[in-house]
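Engineer: Required output: the full structure, derived from the provided sequences and hints.
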Amino acid sequence: MAKFESITARAVNATPPALSKAVRGLSDRTIAWLFIAPTIILLLAINIFPLIWTIYLSFTNYAANRPNRPIMNVGLRWYRDILGSPEVWAAMQATAHFVFWTIFFQTLIGFGLAYLIDRKFRGHAFWTTIILIPMMLSPAVVGNFWKFLYQPQIGLFNYVISFFTGIERSSFEMLGSVTLAPWAIVIVDTWMWTPYVMLICLAGLRSIPGYIYEAAEVDRASKWRQFWSITLPMALPFIMLAVLFRGIENFKMFDMVVLLTGGGPGSTTELASITLKRQAFEAYRTGYSSAFAIILFVAVFGLANIYVRTLNRVKQR
Amino acid sequence: MSIIASTAHSVVEPSTLAKRSAGFIVILYALISMAPLFWIFATGWKTPPDSISYPPKIVFNPSLEGYCNLFTTRTRQTADYIQALGPPQGTCDEVTRRREMVIAGPSNYAPRFVNSLVIAFGSTFLAVTLGVFSAYAFSRFKIPLADDLLFFILSTRMMPPIAVAIPIYLMYRELGLSDTALGMILLYTAVNVSLAVWLLKGFIDEIPKEYEEAAMIDGYTRLRAFFKVVLPQAATGIAATAIFCLIFAWNEFAFAVLLTSGAAQTAPPFIPTIIGEGGMDWPAVGAGTTLFLIPILVFTILLRKHLLRGITFGAVRK
Numbered sequence: 001m002a003k004f005e006s007i008t009a010r011a012v013n014a015t016p017p018a019l020s021k022a023v024r025g026l027s028d029r030t031i032a033w034l035f036i037a038p039t040i041i042l043l044l045a046i047n048i049f050p051l052i053w054t055i056y057l058s059f060t061n062y063a064a065n066r067p068n069r070p071i072m073n074v075g076l077r078w079y080r081d082i083l084g085s086p087e088v089w090a091a092m093q094a095t096a097h098f099v100f101w102t103i104f105f106q107t108l109i110g111f112g113l114a115y116l117i118d119r120k121f122r123g124h125a126f127w128t129t130i131i132l133i134p135m136m137l138s139p140a141v142v143g144n145f146w147k148f149l150y151q152p153q154i155g156l157f158n159y160v161i162s163f164f165t166g167i168e169r170s171s172f173e174m175l176g177s178v179t180l181a182p183w184a185i186v187i188v189d190t191w192m193w194t195p196y197v198m199l200i201c202l203a204g205l206r207s208i209p210g211y212i213y214e215a216a217e218v219d220r221a222s223k224w225r226q227f228w229s230i231t232l233p234m235a236l237p238f239i240m241l242a243v244l245f246r247g248i249e250n251f252k253m254f255d256m257v258v259l260l261t262g263g264g265p266g267s268t269t270e271l272a273s274i275t276l277k278r279q280a281f282e283a284y285r286t287g288y289s290s291a292f293a294i295i296l297f298v299a300v301f302g303l304a305n306i307y308v309r310t311l312n313r314v315k316q317r
Numbered sequence: 001m002s003i004i005a006s007t008a009h010s011v012v013e014p015s016t017l018a019k020r021s022a023g024f025i026v027i028l029y030a031l032i033s034m035a036p037l038f039w040i041f042a043t044g045w046k047t048p049p050d051s052i053s054y055p056p057k058i059v060f061n062p063s064l065e066g067y068c069n070l071f072t073t074r075t076r077q078t079a080d081y082i083q084a085l086g087p088p089q090g091t092c093d094e095v096t097r098r099r100e101m102v103i104a105g106p107s108n109y110a111p112r113f114v115n116s117l118v119i120a121f122g123s124t125f126l127a128v129t130l131g132v133f134s135a136y137a138f139s140r141f142k143i144p145l146a147d148d149l150l151f152f153i154l155s156t157r158m159m160p161p162i163a164v165a166i167p168i169y170l171m172y173r174e175l176g177l178s179d180t181a182l183g184m185i186l187l188y189t190a191v192n193v194s195l196a197v198w199l200l201k202g203f204i205d206e207i208p209k210e211y212e213e214a215a216m217i218d219g220y221t222r223l224r225a226f227f228k229v230v231l232p233q234a235a236t237g238i239a240a241t242a243i244f245c246l247i248f249a250w251n252e253f254a255f256a257v258l259l260t261s262g263a264a265q266t267a268p269p270f271i272p273t274i275i276g277e278g279g280m281d282w283p284a285v286g287a288g289t290t291l292f293l294i295p296i297l298v299f300t301i302l303l304r305k306h307l308l309r310g311i312t313f314g315a316v317r318k
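Residue numbers (the numbering used here), protein chains in the order written: chain P, 1 to 317; chain X, 1 to 318.
Incorrect hints may appear among the rest.
When the alpha-carbon atoms are kept at most 25 Å apart in a straight line, the in silico DMTMM-like pairs for lysine to aspartate or glutamate are as follows [said to hold, decoys possible]:
# : chain 1 : residue 1 : chain 2 : residue 2
1 : P       : K315      : X       : D148
2 : X       : K305      : X       : D148
3 : X       : K209      : P       : D28
4 : P       : K315      : X       : D205
5 : X       : K19       : P       : D28
Derived from the structure by calculation, the hints contain no laboratory data.
Structural biologist: Here it is in structure tokens:
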């Protein structure tokens, strides 16, 4: 490659300017920047400029519904308010509950399914595709139709539960009860995203070379031992990848939960993004919500950093 | 004989019983997880009374009422008025009159669906075009701080949409882009371009460099080699990436609900607002959801071999 370039360079030097341009065309360096620049410019305009604007707004008393009011610098007031606000801590707690339990169930069920699919029973490819369908759907539309399934009188969910357990169908409201609603959203998210974890775990299981198991068989290691000392450790980076990504996604969960519960009853399922939306687009506390947005940004950015590192580790496999 | 047969297998091959029981559990899970989808699909073919009956009706007389209600708005009229109208025109008219109503006009579902199509295809086209150029550059050239740039590109996708929406909302208001298809296309392009760059970089990395180098020795310029050699080789990857971008834009809700309200509203914020007399019109919701989900089902089946790549930004390939 280097040799090739130097020959071109010599040819270019030996020819008159007008011709040299035709011979060489654009240099690789120019092409590289021409190719990357539009993407970077778009991201700067639609992502970075607004981000900087948000940082600026988070120090002001600006309100989107009163654009003509003089803008005043309020310093760190909003950040102090947010960190001391019981509403925000309640939202963070609801988010933590949601993130923890969705990841717990999705990893457990997802890994289990992947482990079973990896036995390559007849028709496993077809059934894997079927299982993957929920994760491709629109979370908003999913939230909306699960609301129908959760209707206490007419919904399929209560019917099935009462059919199998004998509990009176209208004696519990998945979306209306303070104790059940946080679990209702966990159930829907688990239904939707277990396939995601399953698919990545499956890739992890398939990346384990067969000869390792053969060697273990020769050494008469039990199946149990093989699982704990080969399968699980070798699939772990993949599980981590799935867990991190689900963690990031669910930390900023908005659409599905808004349509299911709207944050209610009370504020039991009001996740961080929902609180943010209320402050920004219903109460129009733009400065306050900008500060909250920045806090969420920083948290997601930290997680994303770890995620990309895991991604690169998995890539090397 | 049987001993010989079993040792001919690899020692790690699971037994038939293990395979069968694994298959049984997986298929059971698949069927249970399909039940909600089946239910919403069936609801689209029910009449409103059937859709809210108890116990839930698994066997019912299919009706077009849900689909009719989805595409029309109706007004209640007296029986005398309806009698005076003359014979019903078409199935929907007939179904509507049976409820003592007449069709007042088309509903907003069709225009919202068209908005979804325009915005999804527009943003996908832009994101993939930008993405393929950037991906090629990242794949083939030494770019200073390439890893940091790539991380920057990916991190934009990780941002919470509501947090991004606050300044975008203000910015679009200033620029007159609120509630326009162009505004939504630009926004979705920005979100999708990160996925496109990462995915396409993976695909282009797999095309041997020697192809272009050979073409360039034959007198192609770098640009011509890119268009004539690399792009055709990357066609499958580009198609898979495009489908992923389409699905994202098609499904997106948070930006759509905050930044559009009328002219440019897409289907996801519209479907939950379908209401009939006295609450949700569940058959119409079922019908709207079914029509909205069908393209996704088709795409999922087309994509099944590339799904893993798509959901891990191209990092996990097999």
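Engineer: If a hint holds in the structure, say so; if it does not, say that too.
Structural biologist: Do the hints match the structure? See the list:
Distance restraint check for K315 of chain P and D148 of chain X: the Cα-Cα separation of roughly 17 Å lies within the 25 Å cut-off, and the hinted pair is therefore satisfied. As the CA atoms of K305 of chain X and D148 of chain X are separated by approximately 30 Å, the hinted pair breaks the 25 Å bound. At most 25 Å may separate the alpha-carbon atoms for a hinted pair to count; K209 of chain X and D28 of chain P meet this at roughly 14 Å. Simply put, K315 of chain P and D205 of chain X have alpha-carbon atoms about 13 Å apart, close enough for the 25 Å limit, and the pair holds.
The straight-line distance between the Cα atoms of K19 of chain X and D28 of chain P is roughly 54 Å, outside the 25 Å bound, and the hint therefore fails.
The structure shown violates the earlier hints numbered 2 and 5.
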